Amino acid sequence: MIETAAIEVLGKKDTRSGFGEGLLEIAKRNKDVVGLCADLTGSLKMNAFQNEFPERFFQVGIAEANMIGLAAGMTIGGKIPYAGTFANFATGRVYDQIRQSVAYSNKNVKICASHAGLTLGEDGATHQILEDIGLMKMLPNMTVIVPADFNQTKQATIAIADHDGPVYLRFGRPSVPIFVKPEAKFQIGKADKLIEGADVTIIACGHLVWKSVEAAQQLAENGISAEVINMHTIKPLDETAVLESVAKTKCVVTAEEHMKNGGLGDSVAQVLSLNNPVPQEYVAVNDTFGESGKPDELMGKYGIDTHNIVEAAKKVIQRK
Amino acid sequence: METQELEKIASQVRRDIVRMVAAVSSGHPGGSLGCTDFLTTLYFDIMKHNPGQFDMDGMGEDLFFLSNGHISPVWYSVLARSGYFPVDELATFRKISSRLQGHPATDKKLPGIRMASGSLGQGLSVALGAAQTKKLNDDDCIVYSLHGDGELQEGQIWEAAMYAAAHKVDNIIATVDYNGRQIDGDVDDVISLGNLKLKWQAFGWDVLEMNGHDIDEIKSVMADAKSKVGNGVPIIILMKTEMGQGVDYMMGTHKWHGVAPNDEQLTDALNQLEETLGDY
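Chains P and B supply the protein sequences, listed in that same order. Residues 1 to 320, numbered by this note's numbering, are exactly what the first sequence covers, in order. Residues 321 to 600, numbered by this note's numbering, are exactly what the second sequence covers, in order.
Please note that a few of the clues may not be correct.
What the hints assert, rightly or not - Residues on chain P that point at chain B, a partial pick, calculated with CB under 7 angstroms:
1. G69
2. L70
3. A72
4. G73
5. D96
6. Q97
7. Y104
8. S105
9. S273
Calculated directly from the structure, the hints in this document are not laboratory data. Note that the structure is predicted; figures quoted are calculated from it, not measured. All residues carry an ideal CB built from backbone N, CA and C; glycine is no exception.
Work out the full structure: start from the sequences and follow the hints.
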C-alpha cells in the first residue's frame, strides 16, 4: 500500500457561504466593493453584506441582463461590482451582455455564480448549468475561477478584488468537506498540489477536488500513486503545474462538474497536445442535461463521483 | 455656444458622416445624420467634459453612452471635432487596425469611449450603473445616454427602465432617437412601440419631448431636463428626428439606415452640406 499524505478535514460547509463571508470581509477592507443580486440574496449568502453595507448593495430583481449592464457601468468611476445569481442565469442567460459590456469592454466586474452544476439538485436541469466554464473561458479578458471548498471560495472572493479585470467565480450549493487551510493565500492562476504521486495525475476543480482526494486514497490502497492537483483557476491555466506533473506521471485524469465539452478537461488537453501529448481520461458529464435528484445521486448517475475517478485513473494508466 | 455656431459644426459633422461611410462603402449614415444636431449640441454646449484629457473614470465630468452603437460615425465625428482625437483619424473608420471600429469599442483606447456598444439594448443599464457610481462617489455630474427607437424592442431596456425608477436614479438624462424607422422598415410596421410616452411614464420616468433638429429647442429642453435632475425620478427625452436629415434622398425612408452612398450619391450629399470647418 502507498501512503498518501493525510489531508485534514476541517469541517463541512457550502462554498456559497464562503462567497458570502468573503464578500463581507473584502467589503470591509475595500470601500469600492459593491454588490448586486437578482432576487437570490439568501441563496447567494449576500445578506450579511447587504445588512452591513446597504448603500453599497443593489437589488436588481429578476432582471439579470440589466444586472450585468449595471455592473459594467458601475466600474466607470472605480467601483468593483460583485454581481451574484445562479450560474445558469449568470452566464447562459446573459452571455451577450457579458461578452459586450464586460469582456470586450474589459470592465472590472466579478460575476459570482452559485448553484453551478448538477449539485444544485432537485431543481433539475433548467437550473443545472454544465456549460458555464466553457462559455466563460472562451471570452477574451475573462478569468475563470472554480474554488474547491468553503475556505478557498472565501479566499478567492477576497483575492479577485485585487485583480483588475473581469472574473467568473463559480461555486455551489451543497455542503462539502473543508480542507484548504483558513490562512492559505489564494493566488489566481497558481494551482495547488494536494497530493504528490508518481503513477497518474488527477487534475480537478470545484466539488471534484475532494472526490479526487478520496480517489487518490482508494488508488493508494490498490498500489497506485496518484498526484492530485486542485486547478482552481481554469483560465489562466497553470500550464507549468500540468506539464511538471505529467513529466513525472505520463498520464492525466481531469475531473469536473461540467460538460466534457469545453471544460477544465479540454483546457488541460490543449496544453498536453501542444506540449507533451500523454493519455488523458475525462471525468465529466457527457453531452447530456441533468435532472432532479439529490446531489450525491446525480454525481453517481452522471459519472462524476469518486469511483469514476478511480476507474478513469486505472484506465489511463493502462493506456500509457 | 451660439446656435449659429452649432449649426455650422453640425453641417461639418454631416459631411464627415457621409464621407466616412462612403470611403468604406459601409456603415450607418441614416441614424447618424438624424442625431447630428443633438450630439453636436450635447458635446459643444451642454456637457461638462474634458476632451483634451480623456479619463475612463470621468470623475467630475458628465458622461455620455451611445447605446445604439451603429450610429458611430456621428459620435466619432463629434468626438474628433470636440478635440478627443485628431480629426484626420476619421479617415480610418472601419479600416483594419483602426481605433474607429464599426461599432464603438474600448479595446483600441479611442478617447471618449467608455463602453462597447452595438449589440442593442445594453446601454441604458450601463448608463444607470455609471450614474449610481457617481452618486456613491458624491459626484454631482450627469450621465447622458442615447438610444434608438427600434432598440426599445429589446427587453433589457425595460428591465433597466423599471430599475431606474425603483432605485430613483435621478442623475440620468436618456434620449430616444424617435425617428420611427429601423432596418426592416417603419417601427410601426416591424413591432409597434405603441404609446411610447405613456409607456415610459408608466415605468416611472419623467418624459420630455423635443424636436431633434431645432438646436434652440434642444438647448431649452435639455436645460429643462437638467433642472429636473435630483428630483428622485429618471428623465427621458423622446426626440423626434428624421433619419437621414440633411441629405434629401436619404430622408423619408428607412433605406439609408445601414447603406453607404456611392461616389455619385456622395457628391450629391456633399453639395447639400456646407463645409464649415474643413474636411478631414
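Verification of the hints:
Evaluation of the G69/P hint against chain B yields a held restraint, the C-beta minimum of about 2 angstroms falling below 7 angstroms. A distance limit of 7 angstroms between C-beta atoms decides the matter here; for L70/P the minimum to chain B is near 4 angstroms, and the interface restraint holds. Among the interface hints, the one on A72/P holds; its C-beta lies about 5 angstroms from the nearest C-beta in chain B, closer than the 7 angstroms criterion. The beta carbon of G73/P comes within 2 angstroms of a beta carbon in chain B, closer than 7 angstroms, and the hint placing it at the interface holds.
The interface hint given for D96/P is met, as the beta carbon of that residue sits about 5 angstroms from the closest beta carbon of chain B, less than 7 angstroms. Annotation: Q97/P was flagged as interfacial toward chain B, and the flag holds, the nearest CB pair being 6 angstroms apart, inside 7 angstroms. Residue-level restraint check for Y104/P holds (minimum Cβ-Cβ distance to chain B is 5 angstroms; threshold 7 angstroms). A least Cβ separation of about 5 angstroms between S105/P and chain B falls short of the 7 angstroms threshold, and the interface hint therefore holds.
The beta carbon of S273/P is not positioned within 7 angstroms of any beta carbon in chain B (closest approach about 29 angstroms), and the interface hint is therefore violated.
Violation of the numbered hints given earlier is confined to hint 9; every other hint is satisfied by the structure.
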